[in-house]
Amino acid sequence: MSETLNNNDSAESRLRDLGIQLPEPGSPFGAYVEAVQTGNLLFLSGMLPTEGHSPKFVGKLGKDLTLEQGRSALTLAAMNALAVAREHLGTLDRVTRVIRLGVYLAATDDFKEHPKVADAASELFRDVFGSGKTSVRQVIGVSTLPFGMPVELEVIFEVEG
Amino acid sequence: MSETLNNNDSAESRLRDLGIQLPEPGSPFGAYVEAVQTGNLLFLSGMLPTEGHSPKFVGKLGKDLTLEQGRSALTLAAMNALAVAREHLGTLDRVTRVIRLGVYLAATDDFKEHPKVADAASELFRDVFGSGKTSVRQVIGVSTLPFGMPVELEVIFEVEG
Amino acid sequence: MSETLNNNDSAESRLRDLGIQLPEPGSPFGAYVEAVQTGNLLFLSGMLPTEGHSPKFVGKLGKDLTLEQGRSALTLAAMNALAVAREHLGTLDRVTRVIRLGVYLAATDDFKEHPKVADAASELFRDVFGSGKTSVRQVIGVSTLPFGMPVELEVIFEVEG
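Going down the list, the protein sequences come from chains A, B and C.
Each residue of the first sequence is one higher than the one before, starting from 1 at the first, in the numbering used here.
Each residue of the second sequence is one higher than the one before, starting from 1 at the first, in the numbering used here.
Each residue of the third sequence is one higher than the one before, starting from 1 at the first, in the numbering used here.
Since copy identity is lost for identical chains, a pair holds within one copy or between any two.
As a list, the in silico BS3-like pairs of lysine-lysine whose alpha-carbon atoms are at most 25 Å apart:
#1 Lys-133 to Lys-116
#2 Lys-56 to Lys-116
#3 Lys-112 to Lys-56
#4 Lys-112 to Lys-63
Keep in mind that the hints were calculated from the coordinates and are not lab data.
Using the sequences plus the hints, can you model the full thing?
As structure tokens, then:
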């Protein structure tokens with residue numbers, strides 16, 4: 001989809017053009033907050049594939065969930081990240097760059113397809129913010145994530161001062 | 001306890017009011033340092049549940065250690081983090097915000113209670129710095145941590161320039 | 001080796017003195033970039049022990065690979081990090097500090113020697129940048145890494161504005 005979008009379009013207008021409706025921003029599962037800004041950096045908590053504070057996906061990649069389901073779970077976590085960022089900033093148009101994605105996959109011991117799953121988040125962010133704002137990325141396979149969910153996504157945005 | 005504390009109290013006076021005595025700051029287990037400041041950000045190395053350079057807790061959550069023991073281990077790691085930050089800054093009153101906690105739990109494959117353990121660190125920091133300085137948080141379950149310890153805590157503080 | 005080097009030598013001259021030839025900078029395995037700079041911070045993607053976009057090491061520490069092989073794999077990932085940083089900055093002499101190393105080791109459930117493996121990266125960076133620029137460090141044992149590789153290295157550099 002991204003090919004049809006102009007790099008100069010704003011993130012909010014891209015979201016509209018893509019027909020994406022963000023969910024309600026989530027709330028924390030403990031004594032932390034969802035977003036903290038320091039200077040031009042906006043740090044987000046580890047985002048999970050939840051809907052309305054409930055896990056929408058549970059299980060491990062390579063066993064309980066297919067690659068495609070893992071990608072859907074990560075897309076949901078990325079949508080939750082966008083919702084939290086918009087709530088904090090007022091508008092996603094204040095994002096000047098996606099700095100870093102940390103992608104954590106609960107997977108079996110022989111899982112190898114980390115980049116294909118992680119791309120689900122990277123591709124959504126590319127479509128929303130434009131390919132000129134693409135982030136660095138860290139992806140690892142872990143043994144467990146909160147409440148048995150299969151993916152977790154950490155984001156650092158650069159934002160207008 | 002935090003309810004009885006004033007958000008404007010300094011971190012050092014809160015520590016005194018809470019009756020908390022910080023341990024001696026730890027030393028690295030290799031060719032790294034415990035704290036690095038860049039601009040207004042103070043990065044800490046992964047803090048472990050050690051006393052005097054020795055592991056105080058060993059084993060995995062969900063098998064060798066109960067949830068409550070995991071919380072005690074993480075509280076100890078958080079106390080070590082405060083000790084390192086104070087050594088670097090001179091006083092914890094120079095902390096203007098806790099930006100990010102990264103919580104790593106060595107746990108069995110069916111462990112699900114990550115937020116309850118991670119809250120042990122978040123609650124200590126809330127009590128010391130006040131609820132207005134609460135951080136974002138990342139928590140994942142990993143297969144192993146250095147020397148077989150059950151928890152590791154990474155911290156980024158925002159500090160006075 | 002570091003003892004014979006002057007802390008004031010530049011990183012590029014140290015590399016020459018050490019006889020180190022950096023590899024070609026790698027390319028991403030998905031929809032991300034290898035390096036992003038924001039202000040004085042240069043974030044790198046998780047670097048892998050690859051040569052020419054192919055895994056050079058595969059398997060798990062404690063089972064398929066010895067400690068020494070793990071160190072060799074991490075040294076290769078660290079060389080790839082230096083190559084990417086130089087490509088982004090033009091010269092490694094613009095690095096003013098190594099801020100943080102994140103070391104991720106795919107290892108068996110009884111692996112405990114995380115610091116010894118992680119030191120392979122820390123020692124290379126100390127030799128190249130000098131001991132006065134040593135970073136904080138996070139090291140964890142994970143279940144899997146992309147394409148079955150045994151190590152992954154995340155780096156944040158502080159650079160000239």
